[in-house]
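S.K.: For this one, chain A is given, so just place chains B and C on it according to the hints.
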Amino acid sequence: MSHSGAGAQASGGAALPKVFEGQGRSELDAILEKYPNRQAALLPALWMVQRSHGWVSPEGIVETAETLDLTLAYVKGVATFYTMYRQHPVGRNFVAVCTTSPCSVCGAEAVVEALLKATGCGRVGETSPDGKWTVVETECLGACGFATPVLVNDDFIEGVTAESVPALLERYR
Amino acid sequence: MGYPHPSHPRETVLLSRYFGDAEARGYDGWIKRGGYQGLEKALGTSREQVIEEVKTSGIRGRGGAGFPAGMKWSFMPKERNGPHYLCCNADEGEPGTFKDREIMRWTPHALIEGCAIAAYAIQAEQVYIYIRGEFTEAIAIMQRAIDEARAKGVLGPNCMGRGPRIEVMIHRGAGAYICGEETALMNSIEGRRGNPRIRPPFPAQAGLWGRPTTINNVETLSAVPHIMVKGGAWYKGLSLSSPKSTGTKLFSVCGSIAKPGNYEVTMGFPLKDLLFDLAGGMKPGRRLKAVQPGGCSVPFITAQEAEGALLDYEGCVAAGTQLGSGGAIVYDDSVDIVYQVSRLARFYAHESCAQCTQCREGTAWTLRILQRILRGEGRMDDLGLLLDLGEQMTGKTICVLSDSCAVVVASAIQKFRPDFEAYVRSGRSGAAG
Amino acid sequence: MSDLVKLTIDGREAQVPKGTSVLEAARLAGVFVPHYCYHPSLPVVGACRMCLVEVEGWPKLAASCATPVAEGMVVKVSSPQARAARRGVLEFLLINHPLDCPICDQAGECDLQDYVFLEGRADSRYTEYPKRFNPAREFGPDVLYVQNRCILCTRCVRFMDHVAGEAVLSVSERGDRAYIGVDSGRALDHAWAGNVVDLCPVGSLISKDFLHKARAWELDRTESVCPGCTQGCAVSLETRGDAVVRIRPGRSAGVNRGFICDVGRLGYGPLNRTDRIETPLVPEAGRLVPADWDSALERTADLLRSAKAPWVGLVSAGASCEALEAAAKLLALGGGSGAFRVPEGPEVPLPGVPDLALRKERAPNVQGALAAGFARSWEECLARARGAGLVLVLDEDPAGIEPPGESVPLVYVGTALPESARGAAVVLPCTSVAEEEGSFVNLRGMRQSYRQAKAPPGMARPAAWILAEVLAALGAGVPA
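Residue numbers (our numbering), protein chains in the order written: chain A, 239 to 411; chain B, 245 to 677; chain C, 357 to 836.
Just chain A, with the same shape it has in the complex:
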């Protein structure tokens, strides 16, 4: 059972933790070993930021830029290119549903509707009033034969139907 890390930026004004200190620094050092320069560690570093802060926060971007000796503009340009790096805080559980054609043909839209209803999210992309859920549509998740695949935080769940949505969400409540 995974979490989106969104809890890290929970209650009012608590400073976001440093990502590349202590164990984080060791982890980054191990990553740096895999590449011939620091810039190449950028995508893995941004994953670390998101894991720690729940999203790619401005503080995370600053720390990443400083640590890897890149400009802020450069890091922001890369972070905003990739859809999975979240650019704002999200609910405690981040739910991404594939709705590209192969899944659309198999009823993915109904899964989205069911999720919105069950989570209390008003619309796709919004966080539920209780802060527990954000539901988004995503492009092809590469599991078209197991429609409809849903990513809940880091869990890749196959074969979700409108009917199976309530049981799925129970696991994360």
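Straight-line distance between alpha carbons at most 30 Å, and here's what the computed DSSO-like set of lysine-lysine pairs gives:
id, chain 1, residue 1, chain 2, residue 2
1, B, 527, A, 355
2, A, 272, B, 396
3, C, 569, C, 487
4, B, 527, B, 503
Hint data in this document are derived by calculation from the structure and do not stem from the laboratory.
M.R.: Using the frame of chain A, we list chains B and C on its own:
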């Protein structure tokens, strides 16, 4: 996790043999199943001979481009004056395709073995497996397998005790279909925006960090151990139709189909049989309307065109489409084709990297026109406009994302014009619903 | 063996060095290929797709900026297919581009306007209104980013990264949501940042200084040399009537390869100052009153004839070589010499161009002054001036030389009259760098001429002329 179906008797089971077999994931289980014999054999052969064997096999890139793999390997410099790199393209973003994920999560060592053989052949000491960020399960399984392989000395400074240094590292993507394009993939590994590069230079001359690089698809690399063990000639003999299309291919069948899943057949296998025999055909009461046999970026073909189509590179072209990645998306008569075309346009517009004017603006414009048609505000000359825009989006850009959008729209209008006209006239779909 | 490559472009033969792009080869053959993202000083990306040309025998059109020439290549820039492709690019660019021409500063010098006029469609087929709207953003002290107009050519991004060496601009987002973003922690305040405004082919990056000030077609352009520092960049003074409205890099590459720094770019204010001396002035009953040139020059010659040696000169390092040489000759007649001083500021190189920087010494003709025999010893000269027989000031502020109670005759040649020169024995108005022809010597010893861009105020004349006239009056005859 979902489990694949048991093999159909008409499948040619090669790569998918151990799909569903949890024990195959581990090193010991893999060895028990004959694993790493290909690598063993390769290390005892010269690099040139390994490349020759792959050339003889006739295997072509299974990611969608269909470029002969052996020839691609032979483009690498013979003299090594610094690092060479191998990238394994596990970005699998082509809608309709879900075969590489299966290979990684059921037979990770098969991929590692293929990577190691390729790395040996092209004199690469570092292999990056670029796995799309969403494949969390596959990433974990691959990493465990890599750690095992290292611990067993298959990977590391002294591959199988026979000499070459081969390190395999996973680079996790972060949600960009375009990173499945080989030069965009390299940019992504380098910590850049995933923009495709202009060519020249080609990756074999200057790829990752300016060094000679080869990029191969997961399925292509996973076939290499088999080619080493049984020989290129054997692989070449696996061909039902065109001699230029050899070996087996995993076809990911999905959409309006009774038994979606991956089916491994010999090249040249009839499409009709794949859909109606192996994959169980249509759902009750439904007729086949359209199919894209090679992922969403190939032309639609009608049920009639699918009738005699053979599943190999030449056969699909003859049928008016392309083999592509082999992700067969099936649409039955309940499907609103116009909606699905707009959904695919939305996909392309979302995934465009923004470099080329025609793609950046054209995919978005195409989407807006289709959405307007769907809202009931379409005009007849919208169809001609869409075709004209598609013409401008074809053959004029750094990569073929915009060409894909154009070909999807053009083939749909060409073959299902009445559906579009119905929307324009009445503002509603003509589909059976 | 020669490494020249022969090819044909639109029927014209060209012979160019191996490695030249088809686009550059076409230019050399006199065939212009429209383009946006390509720029000779920036790395090639081949992204805008505007430069597509047909190559005989090739299945697809080629981006000519990214295609190296090959022996025997037959390139067709004007073929129907190539034109259609370029027309397509223009149509695509216009769907999101606002029709801002009536309010856009780039009008009249806009590559989008120009190419659409040359090769674009006469009509628009886009009907998916409303167009997207994004507010304009301040990137820096002078640079404004009008996001709606951006065509994402990325010249600005590549300039800041590869030429200025500070990657403070980047593309954010993907697809038609992409835009140019600036480093959030700072402004685009690099000394060379203003070049992105020149590089921007459309009116997306614009200068706040120039905002809505003038229309491009109202401006006259004169080639000159920047008076900002000792680098000696080739600039274009752009004037409307008697005002300098804008300074941009000169037409010729010059030592600065088409780039100028913001000090030069935005430093034209003094060229437009209105408190200029407009006539020669002579003291009368305690005040300075206007005089005509003949009598003023007569007065000056008299002063010099009766002044005892030594004379002292306080000159500007921004005066022309011609004026400085004449001043030195004049001072020599009185057994004297002179000095100059140079304001200083931080040196900011432009790493992507060899030997180019905003120089520490912020005056254009330090080398000219040195060559004419002037020294950097300003303070020492000021001290000597107290005991001199005459002080000649050339467009400088002589504050500090008049101790109370003593009076040394002061001949003031300058553009404006500082408080400290109000006690001058004669005031002779001279022209600024924008109002005369002359030359400067840059820090590498290169002598470069500048031309007159606007009319001088009132009766002001070039300092070189004034001093030559004085020398002539003294019988020291300097050739005109």
